[in-house]
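Line by line, the protein sequences are chains A and B.
No gaps in the numbering here: position 237 of the first sequence is 237 in my numbering, and each next residue is one more.
Heads up, my numbering is the position in the second sequence plus 1000, with the first residue counted as 1.
Check before you lean on any hint, since a few could be wrong.
Claimed, not checked - Calculated lysine-lysine pairs in the DSS-like style (CA-CA distance at most 27 Å, straight line):
1) A:K120 with A:K207
2) B:K1072 with B:K1006
3) A:K120 with A:K165
4) A:K134 with B:K1075
5) A:K74 with A:K113
6) A:K165 with A:K207
7) A:K165 with A:K74
8) A:K74 with A:K226
9) B:K1075 with A:K120
10) A:K179 with A:K113
11) A:K113 with A:K137
12) A:K120 with A:K134
13) B:K1006 with A:K207
14) B:K1072 with A:K14
15) A:K74 with A:K14
16) A:K226 with A:K207
17) A:K137 with B:K1186
18) B:K1006 with A:K165
19) A:K113 with A:K165
20) A:K175 with B:K1072
21) A:K179 with A:K165
22) A:K226 with A:K176
23) A:K176 with A:K74
24) A:K113 with B:K1075
25) A:K176 with A:K134
26) B:K1006 with B:K1075
27) A:K120 with A:K175
28) B:K1075 with A:K14
29) A:K113 with A:K134
30) A:K207 with A:K113
31) B:K1072 with A:K134
32) B:K1186 with A:K113
33) A:K74 with B:K1186
34) A:K240 with B:K1075
35) A:K14 with A:K165
Stated by the list, open to error - Partial selection, computed: residues in chain A whose CB lies under 8 Å from chain B:
36) M1
37) T48
38) Y50
39) L66
40) Y78
Calculated from the structure, these hints are not laboratory results.
Every residue, glycine too, gets a C-beta built ideally from N, C-alpha and C.
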Amino acid sequence: MIEVRNLVKTYGDKHAVAGISFTANDGEILGFLGPNGAGKSTTMNILTGYLSSTSGEAYINGHDILEDPIAAKKEIGYLPEFPPLYLDMTVREYLCFVYELRGCRLPRNTHLKEICELVKMDNVIDRRINNLSKGYKQRVGLAQALVGNPNVLILDEPTVGLDPKQIIEIRTLIKKLGKNHTVILSSHILSEVQAVCDRIVVINQGKIVADDTADNLSRELTADHKLIARIDGPKDEVIKLVQTIPGVVSIVADMQRERGVWEYNIEAVEGTDIRRELNRRLMSRNWYILGLRSSELSLEDIFLKLTMGESVNEFLADKADDLAEHYEEAEK
Amino acid sequence: MSAILKRETRAYFDSLIGYIFLTAFFAGSGILFGVTSLQYGSTDMSGMYSGLFFILLVLIPILTMRTLSEEKRQKTDQLLLTAPISLTSLVLGKFFAAMIIYSIGVCMTLVYAVVISFFGAVSWLTVVGNVVGLLLLGAAYIAVGMLISSLTENQVIAAIGGFAATLLLYLIGTVAEIIPVQWISKILSELSFATRYNPFTYGVFDFSNVLFFISATVIFIFMTIRVLERRRWS
């Protein structure tokens, strides 16, 4: 379990971390999400005792990282942003060194063999780390964090530099590890956090801007009563028809997607579900709904919304304009 | 500490630095031995031991240049500083690893004494005193070199900085002689590594000199630990 209270880290007058508090429970995978430079790595470096916080407390399984660093560090396996590898050692020598450094008591050879099998690198164990590919180096870094079977794993962007197949493997592994470890992982890749983590903490400019499960996060910011419908039918008549549905506030034709098929943004009074009524009325006129979805924000939109604040609307508007231009050109 | 000690000692021989250091040390001491004891057909080895003082000025920084700077550059310090060990055992592990390599070099000078013993009577007590003096001097220099290495990420800067620092500690005595204010001159000459080391080569085993080098070593190791500690807070 990791408990963080009001963590602050300042460099001069710049706040790298400005009052972060959160708790990660046993058997939970917590995702740190934020743009580059948001303070993810700094927070992790403080949690692992590499940096000291300017103020605030961090407890690893009840041990204060500042007051009782050695006991706290025993509980942590840490994969920093750049795997801390000695390039002139072989994988085996390196892992043996980490094993001794951490003062492990487990039977050495079987333990290291297990780890190598877990991260799928038992075929390179006698090669010099310098000669390994980026993907394998990353795995050695991960293996190093697993030595001694620590309860808490702190992984700073664990899938950076891996190919898609390796990414899936590592994610599966992290999920597996998450069952009996407390895992904190950071990423700026949204789909990754969404795929792996039970809970997401979004950090921006050293502050937590959201802390919730992935589903809750998108639900919170989702507008169920806003629909995007792709309807096959004459545009103006469709608009007239839809406006007569009780509960509909507005309908705007967005753009023509196929010949004679327009996409409409429909907004209804909050809490009303107009989908069935919409379907029925269009059917009665022999017009077809070719696509219907609630204008739910993807995690990407949420992320932008949270980290960019007000300016996000402008950003999304720009994006929409770009898209429209693109379509116009394509039509020509 | 033992994990660090083992890895560091190995690393000296994995990275050639150990070989380069020992080769240069043997060559240096061999030449000195040749032009002093052998040339004059003397069993007095003080010429070689006092000459080694200058060779160490250049060689020790080579031994210590990468100890802490390279860790920082390769980011491996993140592994060491987040491992459940204290900073003291981290620094001491590295210190003793350098001491092991250095001691191998120093022990080589005993071979010269053995060579002489075939041709004449060797004053073994003096030789042992010299070896102890050389070890103490080296320990202090290694501690200085590590301190400089902890201040930079660049090996070359660490080496040159280490050379400058050890040279300064040597030159203090010379500077002391030309300072007219007597009490400053006195303090500086007391701090001079050369004035503290030379009595060993004459066969004078002064306990205060032993204490001086041990204190210097401890102080510089302590400062190295503080530098690492401070980096965490900056």
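In rising order, the numbers of the hints this structure does not comply with:
1, 6, 7, 8, 13, 15, 16, 17, 18, 20, 22, 30, 32, 33, 34, 35, 36 and 39
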